[in-house]
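S.K.: If you want the building blocks of each chain, they are given just below.
2 protein chains.
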Amino acid sequence: MSITEHRIRGDHRGQLVAIEGLQDIPFEVKRVFYIYGTQPDVPRGQHSHHQTRQYLIAVNGSCKVTLDDGKQKVTYDLNKPNIGLLQDALIWGAMHDFTVDCVLLVMASEHYDEADYIRDYDDFLKVVGA
Amino acid sequence: MSITEHRIRGDHRGQLVAIEGLQDIPFEVKRVFYIYGTQPDVPRGQHSHHQTRQYLIAVNGSCKVTLDDGKQKVTYDLNKPNIGLLQDALIWGAMHDFTVDCVLLVMASEHYDEADYIRDYDDFLKVVGA
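For the record, the sequence lines run as chains R and D. The letter at position 27 of the first sequence is residue 27 when you use the numbering used here, and the numbering goes up by one with no holes. The letter at position 76 of the second sequence is residue 76 when you use the numbering used here, and the numbering goes up by one with no holes.
Hints are all accurate, no fakes.
The list cannot tell twin chains apart, which means a pair is met if one copy fits it or any two copies do.
Distance condition first, Cα-Cα at most 30 Å in a straight line; then the derived DSS-like pairs of lysine-lysine:
1) 73 / 126
2) 71 / 126
3) 126 / 64
4) 30 / 80
5) 126 / 30
Hints were generated in silico from the structure; no laboratory data involved.
Can you make the complete structure from the sequences, with help from the hints?
M.R.: This is how it looks when you write it as structure tokens:
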């Protein structure tokens, strides 16, 4: 779990941020998804993965992400479009406090597989031995 | 060069669009970049690639993309966050008419390599034999 501030390649035309798989983030990107149109009072996520690692960036607007290893919870502010947050496997994640204009970009290390999800918090605590 | 309208996985929490590499798009994603803060009157892109294929989505706001194979130019409106545009290798691309809030997400089939860029339009026409 760590925050990285990525270089902004800005010039008179505007800004550009680039994320190279296996270079800027520690995995190859198998899946990209993005969340938008989220209500400010509605959290998302609230699950963990057995294998999938995720990299989260609020490319527009902002949100907060709380990561939980079963022992400790840490909340991160994704409030700049060049701030990325790594969510490792076996970390419980919740996204919340979305601004109405938030677009949360997620790069994932695995293709979608429902069997990789841990959706029950008590199950999660058992899996991580917490 | 083709437009795809991706499924929006919407519910009471908001919207989610997922792009699986090699499934929803015809390549593995080696690099992800996004362009934002672009002035409405400033075009971007205006180059081609020898090898790199790109998949473009305006995940916030909108812009237009003109693709040019050396014989024909077609302009696409990226005006919904679930519309994706495939830009093949050896296609000249220009992005323009950005709204101030536009975030243009690009998934690329290759890592960054300056040698893969064709930045001169006359060189491009020679390479494609147009």
